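Line by line, the protein sequences are chains A and B.
According to my numbering, the first sequence is numbered sequentially starting from 1.
According to my numbering, the second sequence is numbered sequentially starting from 1.
Derived from the structure by calculation, the hints contain no laboratory data.
Check each hint, because a few of them may be wrong.
To list a few chain B residues with every Cβ distance to chain A over 12 Å, as calculated [what the hints assert, rightly or not]:
#1 Glu6
#2 Gln14
#3 Thr27
#4 Gln37
#5 Gly40
#6 Gly42
#7 Leu43
#8 Ser68
#9 Lys69
#10 Thr77
#11 Arg80
#12 Ala90
#13 Ser92
#14 Ser96
#15 Thr101
#16 Asn111
Here are the simulated lysine-lysine pairs, BS3-like style, with alpha carbons at most 25 Å apart [said to hold, decoys possible]:
#17 A/Lys44 x B/Lys70
#18 B/Lys99 x A/Lys27
#19 B/Lys104 x A/Lys51
#20 A/Lys62 x B/Lys70
#21 B/Lys69 x A/Lys44
One-sided and incomplete, this derived list gives chain A residues near chain B with beta-carbon spacing under 10 Å [stated by the list, open to error]:
#22 Tyr33
#23 Glu40
#24 Glu41
#25 Phe45
#26 Glu72
#27 Arg114
Given the structure is predicted, the values throughout are model-derived calculations rather than measurements.
Backbone N, C-alpha and C define an ideal beta-carbon position, used for all residues, glycine too.
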Amino acid sequence: NAGVMQNPRHLVRRRGQEARLRCSPMKGHSHVYWYRQLPEEGLKFMVYLQKENIIDESGMPKERFSAEFPKEGPSILRIQQVVRGDSAAYFCASSPPRLAGPAYNEQFFGPGTRLTVL
Amino acid sequence: SQQGEEDPQALSIQEGENATMNCSYKTSINNLQWYRQNSGRGLVHLILIRSNEREKHSGRLRVTLDTSKKSSSLLITASRAADTASYFCATSSGGSNYKLTFGKGTLLTVNP
Chain A
1 NAGVMQNPRH
11 LVRRRGQEAR
21 LRCSPMKGHS
31 HVYWYRQLPE
41 EGLKFMVYLQ
51 KENIIDESGM
61 PKERFSAEFP
71 KEGPSILRIQ
81 QVVRGDSAAY
91 FCASSPPRLA
101 GPAYNEQFFG
111 PGTRLTVL
Chain B
1 SQQGEEDPQA
11 LSIQEGENAT
21 MNCSYKTSIN
31 NLQWYRQNSG
41 RGLVHLILIR
51 SNEREKHSGR
61 LRVTLDTSKK
71 SSSLLITASR
81 AADTASYFCA
91 TSSGGSNYKL
101 TFGKGTLLTV
111 NP
């Protein structure tokens, strides 16, 4: 069973370009989470998606950032008109369908995409 | 300060020694987890401890949780060079059980 896949692993963009980051969850997982890690920082939650639904996007910047998880295909994190401050590692995690009640579903993390904005 | 802060920021020990890392948090939590991140890689889940638990073991790992002090510790016994990595605590709280809040991590270096 392959783990969470992310591509590309490294992405270089010039200011003003668009960045598209892809995440394929583990087989059988229908929940995807995106986190951002700035240099020397811990991960910060960005968005939680289920197939075709955004459940919680409270950590997403209000402008230029969007995420989707279509019925078919990987989840996409899209950053329009990138700026140098967007340079970071972007991690995707997935989990199986959530258990009822307060029980926690472990999130399995991908290797990340390191975005560098020149 | 942010939820989930680890200390020390960096720790250097010799192989075979024990390593202890601490994590403090500010709000009530549902559970607390520890993750490892090797340089330039993704995160590996190590252990989860629920708010009603006080101690948990997994192999060479021992985690304690003190909810009255809002703190947790991760002990790695008989460390190995391969344990060299950054270690993060992450908490979830309230109804957002899925939203993990990470600290800045402790960089552990185990010298052979």
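Q) Non-interface claim for B/Gln37: all C-beta distances to chain A beyond 12 Å? A) violated (9 Å)
Q: Would you check whether the claim that B/Thr77 is not at the interface survives, using Cβ distances to chain A and the 12 Å cut-off?
A: holds (23 Å)
(Q) For the restraint on A/Arg114, tell me whether the closest CB of chain B is nearer than 10 Å. (A) holds (8 Å)
Q. Taking 25 Å as the top limit, are the C-alpha atoms of B/Lys104 and A/Lys51 close enough?
A. violated (31 Å)
Q. Taking C-beta pairs only, is B/Asn111 more than 12 Å away from all of chain A?
A. Consistent with the label, B/Asn111 stays out of reach of chain A, its closest Cβ about 22 Å off (over 12 Å).
Q.
Quick check on the hint: A/Glu40 CB to chain B CB, less than 10 Å?
A. holds (7 Å)
**Q.** B/Gln14 remote from chain A - nearest C-beta pair above 12 Å
**A.** Its Cβ never comes within 12 Å of chain A, the nearest being 25 Å, so this holds.
Q: For the hint on A/Phe45, just tell me whether its beta-carbon gets within less than 10 Å of chain B.
A: holds (5 Å)
Q: Compute the least Cβ-Cβ separation between B/Gly42 and chain A, then decide whether it is above 12 Å.
A: Since the minimum Cβ distance to chain A is about 4 Å, B/Gly42 lies within 12 Å and the statement is violated.
Q | 12 Å Cβ clearance of B/Ser96 from chain A | A | violated (7 Å)
Q. Within a Cα-Cα threshold of 25 Å, do A/Lys62 and B/Lys70 meet the stated pairing?
A. violated (32 Å)
Q: Closer than 10 Å between Cβ atoms is the bar; does A/Tyr33 clear it against chain B? Give me holds or violated.
A: holds (7 Å)
Hint compliance for this structure: hints 1, 4, 5, 6, 7, 12, 13, 14, 15, 19, 20 and 26 are broken, all remaining hints hold.
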